[in-house]
Structure formats: structure tokens, C-alpha cells
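J.: Starting from the structure of chain D, add chain W where the hints point.
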Amino acid sequence: MKKHRLLTALAVVALIGLLGVFNLTFDSYKLRILNLCGIYIILGLSMNLINGFTGLFSLGHAGFMAVGAYVSALLTMSPELKDTVFYAVPIHPFVKAMSAPFPIALLLGGIAAGIVGGVIAAPILRLKDDYLAIATLGFSEIIRVVATNLQSITNGPLGLKGIDRVVNTGWSWGLAILTVYFIKKLMDGSYGKAILAIREDEIAAEAMGVNLFRHKMYSFIIGAFFAGIGGGLLAHMLGTIDPLMFRFILTFNILLIVVLGGIGSITGTVISACVVTSMMEVLRFLEGKMDFGFFQIQGIPGMRMVVFSALLMIVILWYPRGLMGTKEFNWDYILQRKYLNIFNKKKKKKTVSEEN
Amino acid sequence: MKKHVALLLVFMLGLATLLTGCGGTTEQASEESDVIKIGIFEPMTGANAAGGEMEVEGIKLANELYPEVLGKKVELVIADNKSDKVEAANAATMLVDKEKVSAVIGSWGSSFSIAAGPIFKDAGIPAVGASCTNPLVTMGNEYYSRVCFIDSFQGTVMANYAYNELGAKRVAIIQEISSDYSVGLVKYFEEAFVGFTGSEDSIIGKASYNTGDQDFTAQLTNIKELNPDAIFAPGNYTEGALLVKQARELGIDVPFIATDTWEAPEFLEIGGESVEGAVFSTFFTTEVPITDESEKFLKAYREKYDKEPASVTALGYDAYLVILNAIEQSGSTDPAEINKFISQTKDFEGAAGMISLDPNGDAIKSAVIKEVKDGEFKYLTVVEPIQ
Numbered sequence: 001m002k003k004h005r006l007l008t009a010l011a012v013v014a015l016i017g018l019l020g021v022f023n024l025t026f027d028s029y030k031l032r033i034l035n036l037c038g039i040y041i042i043l044g045l046s047m048n049l050i051n052g053f054t055g056l057f058s059l060g061h062a063g064f065m066a067v068g069a070y071v072s073a074l075l076t077m078s079p080e081l082k083d084t085v086f087y088a089v090p091i092h093p094f095v096k097a098m099s100a101p102f103p104i105a106l107l108l109g110g111i112a113a114g115i116v117g118g119v120i121a122a123p124i125l126r127l128k129d130d131y132l133a134i135a136t137l138g139f140s141e142i143i144r145v146v147a148t149n150l151q152s153i154t155n156g157p158l159g160l161k162g163i164d165r166v167v168n169t170g171w172s173w174g175l176a177i178l179t180v181y182f183i184k185k186l187m188d189g190s191y192g193k194a195i196l197a198i199r200e201d202e203i204a205a206e207a208m209g210v211n212l213f214r215h216k217m218y219s220f221i222i223g224a225f226f227a228g229i230g231g232g233l234l235a236h237m238l239g240t241i242d243p244l245m246f247r248f249i250l251t252f253n254i255l256l257i258v259v260l261g262g263i264g265s266i267t268g269t270v271i272s273a274c275v276v277t278s279m280m281e282v283l284r285f286l287e288g289k290m291d292f293g294f295f296q297i298q299g300i301p302g303m304r305m306v307v308f309s310a311l312l313m314i315v316i317l318w319y320p321r322g323l324m325g326t327k328e329f330n331w332d333y334i335l336q337r338k339y340l341n342i343f344n345k346k347k348k349k350k351t352v353s354e355e356n
Numbered sequence: 001m002k003k004h005v006a007l008l009l010v011f012m013l014g015l016a017t018l019l020t021g022c023g024g025t026t027e028q029a030s031e032e033s034d035v036i037k038i039g040i041f042e043p044m045t046g047a048n049a050a051g052g053e054m055e056v057e058g059i060k061l062a063n064e065l066y067p068e069v070l071g072k073k074v075e076l077v078i079a080d081n082k083s084d085k086v087e088a089a090n091a092a093t094m095l096v097d098k099e100k101v102s103a104v105i106g107s108w109g110s111s112f113s114i115a116a117g118p119i120f121k122d123a124g125i126p127a128v129g130a131s132c133t134n135p136l137v138t139m140g141n142e143y144y145s146r147v148c149f150i151d152s153f154q155g156t157v158m159a160n161y162a163y164n165e166l167g168a169k170r171v172a173i174i175q176e177i178s179s180d181y182s183v184g185l186v187k188y189f190e191e192a193f194v195g196f197t198g199s200e201d202s203i204i205g206k207a208s209y210n211t212g213d214q215d216f217t218a219q220l221t222n223i224k225e226l227n228p229d230a231i232f233a234p235g236n237y238t239e240g241a242l243l244v245k246q247a248r249e250l251g252i253d254v255p256f257i258a259t260d261t262w263e264a265p266e267f268l269e270i271g272g273e274s275v276e277g278a279v280f281s282t283f284f285t286t287e288v289p290i291t292d293e294s295e296k297f298l299k300a301y302r303e304k305y306d307k308e309p310a311s312v313t314a315l316g317y318d319a320y321l322v323i324l325n326a327i328e329q330s331g332s333t334d335p336a337e338i339n340k341f342i343s344q345t346k347d348f349e350g351a352a353g354m355i356s357l358d359p360n361g362d363a364i365k366s367a368v369i370k371e372v373k374d375g376e377f378k379y380l381t382v383v384e385p386i387q
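In the order they appear, the protein sequences are chains D and W. Quick note: the first sequence uses this note's numbering, first residue 1, plus one each step. Quick note: the second sequence uses this note's numbering, first residue 1, plus one each step.
Excised from the complex, chain D in its bound form (with noise of 0.2 Å):
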């Protein structure tokens, strides 16, 4: 054990070093990428906690991403700004005085979405499956027309500009890795076991003494607060938001990272996050002019899509549950295969459990 938490340690450096490197020799369009993967990670994994390990089919993350942008956007913007920005309607004056550093903002906005994860979470958590997943989708959409709506504080569909870009890889990336370690402790310790002992069974979950409302909810509430996290992230990275940002497709954006990575496996969904958001940018070149010396296509719009799409069959095809499954990262695996014999002379019999 002792091996393996060196080897974290040693990985997470290593980790980091690289990403330093990335940080300063990346141009930076590569670097918008890298920092995307990071914010692609921390929304995965928030989903993948409701979703995946809680087993609650939910798609309103979309709407707590609205939130999060929308407090976090709103604190860091300054008053003058602000009054530039909302010239349709003037800004509520309450909003304009509201005002607080990037950490604080972000995570007051990932407090904010936490709240409305709760307050969703309360009363239609009595349903289950595919009435969950309405439901929460049906949410994610109220609170978008809302934003719409209220024009005096959200500016309605004109949406917010000039929001500071601070968003740099150490944001990114620091918060994606704490968010990795969070999860990672939290799924180690007695709620983990709880919650999913909840997805396997519920009436053998109760009947062992776990406590279903109160677990799914802290599932729905932590969920939702780092869905909060990542739409602030990605407020400041973008400085610009609006309604139209949050439609469904976002929601299933993520769900797609979390589907392709392995639903209910944190491993997963970093890797297919990481994968997903750059393989889009990778695939640009299919749209462009291409010359095979012989002969010259022009460019078709659309042709990545199409690509990506295929290279997604293909993975589900072969890997039904995901790149992953429920499989995490394992140091005893890694080292115990016989390509990396150096560390272990004797071959054991593999050690990847369902649950590790």
C-alpha cells in the first residue's frame, strides 16, 4: 500500500511537471484545449457521481451549469461593466453591487448550484429510471427559460460579455485534479460504499441501514456544486455566456464522456473527457482542403462529426460499458503485467476488482 501511494504521489508530480511543460511551451489554441479537457473532467465527474455511482439518471446538468456561470460570471464582472453590458434592460441594482474575487465567485457559484441541486433534488427524487431523468431534464430547461426571462439580472438572451479570462491551466487543472481526489476519497469512505450499495439495490441498500433520501441527496448536492464549478470555469474561460449555452446538448455532451468512459468509473471519465475534447479539434483537418497528390478534395463542413461519430460506434461496439466499465486505475495491475515484470517477478493472477 505504502508502494502505491508513493507511485500517486510520484504520477501526480509527474503530472504536474507535465503540465507545466505543456503550460509553457503550447500555443495558445492547444492550451484552450488542454484547459477544456480539465473543465470536461470536473463536469464528468460530477455527473458521473449522480449518475454513475448514486445510479440516478439525471440530466439537469445544463441547468446547474447555468447556475454556477451565471453567479460566478455576475460577482466577478465589475459594476461599470456590468452597465455596458445590460443595455436592454438596466441590471437590477442589487446585482450590480454585488462583487467578489475569482476563488470566491467560483465558489459561491458552485455553492449556488449545490442549493438548486437540493432544492430540485427534494421533491423529485420520489421518482426513479426514466421519470427521474424527465424530470431533471425538464428542470435543467426552467431554470435556462428563467435566465432567459429575467432580463434585469441575467440580461436575458443578449447574455453577459467581458467576463475576466482568468481561466488558466493551474484552474483547470488544479481544481480538475482536486476534483478527482475528492471523489476518489469520498467513493473510498463509507458514503461511497452507501451510495452505491443504493445503485446495486435500494430495498437491500435500506434494509442494511442506509439512509436512501439522505444519500441521494448529498449525491444530487455534491453533484451539482461541482457542475456549479465547472460552468464558472467555463464562464471564465470563455467571458462570454449565455442561455444558449445550456441547452440539453450540453448536458449530453458530458453525458457522452461519462457513457464512453465507463459509467461509474472516475478513470474513465478522465480519460474520455481528455479524449473527447481534443479528438474534436484533431478531426479538424478532415474539413479541410486535402491533397493526396493525384488528386484534391475540397473541404466538407460537418466531415468530423461525422468521423467522430463512427470512431464512437466503434468504441461502443467493442466496449459496451464504456472504456472503462466500473474499472478503475490500479497500480498492482499495471505492475503485475508482464511487460512491466521489472517491478514484480512473480505473475499473479489479475487484481482489477469490479469495485477498486
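Among the hints, a few may not be true.
Coverage of chain D stretches by chain W, computed from C-beta distances (three or more under 8 Å per stretch; other residues unrestricted) [to be verified]:
no., segment
1, 129-140
2, 148-161
Far from chain W by the CB rule (all over 10 Å, computed), these chain D residues [claimed, not checked]:
no., residue
3, Pro-123
4, Glu-206
5, Leu-238
6, Met-245
Because the hints were derived from the structure by calculation, they are not lab data. By construction, the Cβ of each residue, glycine as well, lies at the ideal position given by its N, Cα and C atoms.
T.: Positioned in the frame of chain D, the structure of chain W alone reads:
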């Protein structure tokens, strides 16, 4: 075994990311190269793809007619922003960092331009919008200009038309609340109309609907009771056509006025006879060529596509010409120099009218007013800019 394949797959994907990321940058030699790159930053897929496509048609046509500047070939680099803000920012950064373009044209849909604005500003790359009319696009950004008039002008033009031509004293407004375009226009229309009549009560009612709504009877019944002289309803053409149709069915026979988005064949198809007499402002007309360049554009476009161009196609064409003109005048490919000359554009002859840019980078130009008559869009008049 599966595990191996999974790891291998992930590893390869990661490697591919890194390799492709690094590959593109080797062949950049901006100064000596004999190609000038202009980025096209448009939605080619997603909800706004139709609009993006129309603009790209115009840009490509302009590129065919004027393929060279300073003896160098102009290469167009298309970056799809997927009608999505996050993707828009990615696409903009790609144009700036990977393709190293000298200037950018776009985008249809102001919110994507707003997302990309700070990126172009930081990189010092001039961007010229074709049809993004939201005032926030160029606000506080000296590197963003546009060849279309902005919402404030269009709102004023229609308020002027309602007051002076229609003789309206009491106007009702129906806005598309989920569209930044519609909400922005309503604000300026209101301001201007209240200014003309001198009475705050001249806007007697305001109703809202959402993009995609099909039934407007609730809003219309309320408005009918108010008995307005005219109804201002800027928004999408589908909703607009349905709105007018349902208003006529409810017995509302006052004139409907709107803005350039209504100019789409679908508006006539859906609206049928009910939309007769609807009046809206737009950028451009094919019936009366405004300038010599318009004639050249119309001829080339009809030859190539065998149909009538949309307004935004002409604007895309103009955006390209404005950039080309600036490159020629500055005699350099340095983006900062180009930007300086773009912002100095004055009385430039474009396909959609004369273009002069004000200090914000917004075009001061005339608007065209059209009417639906006998199932067609008919040119009514030209409104000169207010200096």
C-alpha cells in the same frame, strides 16, 4: 486482452492528438510566403448552418472575382464554429494560432462573434463581421469591425417608418425573448419611437414568445384588445410568418413591421396570403443595384448559383472586399497595419451599399425597406443613414 486493446487505443488517441497538434506549425513562414490567409469563421454545422452557408457563398464568390492582392494569392481558411460558443472560441483560436491568418471574416450569429472577439483582440488580428448586428460585438474591441448596420440603426429606421410613413401613434411589440437579436432591436425601436411621438405611452403593449413556438393566440388576443396602429415583431421568419397568419385569423388587420430576418422564401411559403403587406428593413435589394459593385456581384452570383442572392451573401462579399482593400492600401500583410486601414474605411463601394466605418467599427450605411406584395418581396425605399 481487451484491457490491452483499450490501453493501446487510448494511448494512440493521445499520441494522435499530440502529433496532429504539432504538425501544422512547421510550414509557417508568414513574411516571405506568397499566400495571404483570410480566415472564415462561420457556423457551417448546427442550428445556424444555413446562415453561415449563405455568407460563405458570398465570400467565396468575392475570392473568385478578386483572388489576388499585392501580387499574392488569397487563401480562404474555413473554421466551423458549430453554432456553439465553446466551439466558436476554439475555432477562433485555431485560426489565430495554427493557421496564422492575417484577417478573419464572420460570424453569422452575434453570440459567436462575441465569444471570439477577445481572442482576436489579444492576438491583434482584425475581424470583420458580415451580418452580426449586436452592438456588443464591436463594443470595446478595436479589432472587430462589421460591414452591416447595427441594431440601433435598424430599430430607429423602422420606428421612423412606423411613425412617418404609417402614421402610427400607438404601437404594440411582440419580441422573440430567447433571441438576442430580437430583444436588442426592440429596445432601440422603443427608444426611437418614444422619441418620435414624445410620449412614453406610445408603446402600448409588449408580448414575448420563445424560438420554436407555434401558437401565438394568447399574446395576440391581449394585443388585439389594446387596438394598436401597428405591430413591431422582429424575430425568426418561421415564427414571424405564423404570428402574422394567426393575427389575421383573429381579425387583427393592422400593419406588421419587422426586420431583415423575415426576408426568407420560407416566410412567404408559411405565411401565404396573410403576410401580404408586411414591411421590413433589410441590407440589400436585388431589384435596384445600389452601386456598380452590386451589379458585378449580382451578375456573377446569378451565373454561378442560378438564383437570387440573400442579403447576408452580399454582406459576406463586402466583408472580403473591405479586408482586401485594407491590405492593398496598407501594402503589408501585418495584421495590425491591416486593422488600421480597415478602421479607416470610408465611402467604400460594396455590393450592399457604400460602407463607412464609425470609430466603433460599425458600418454607417443605408437600409432598404421591402414589402410583401403579390407573394414576393418588393423593394419599397432606401433609408439614408443618420450621421
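J.: None of the hints should be skipped; say for each whether it holds.
T.: To see whether the hints hold, each was checked on the structure:
1. 129-140: violated (count 0)
2. 148-161: holds (count 8)
3. Pro-123: 25 Å, holds
4. Glu-206: With a cut-off of 10 Å, Glu-206(D) remains clear of chain W, as the shortest Cβ separation is near 35 Å.
5. Leu-238: Its Cβ does come within 10 Å of chain W, the nearest being 5 Å, so this is violated.
6. Met-245: For Met-245(D), whose nearest Cβ neighbour in chain W is about 5 Å away, the distance does not exceed 10 Å, so it is violated.
The structure fails hints 1, 5 and 6 (numbered hints given earlier, in ascending order).
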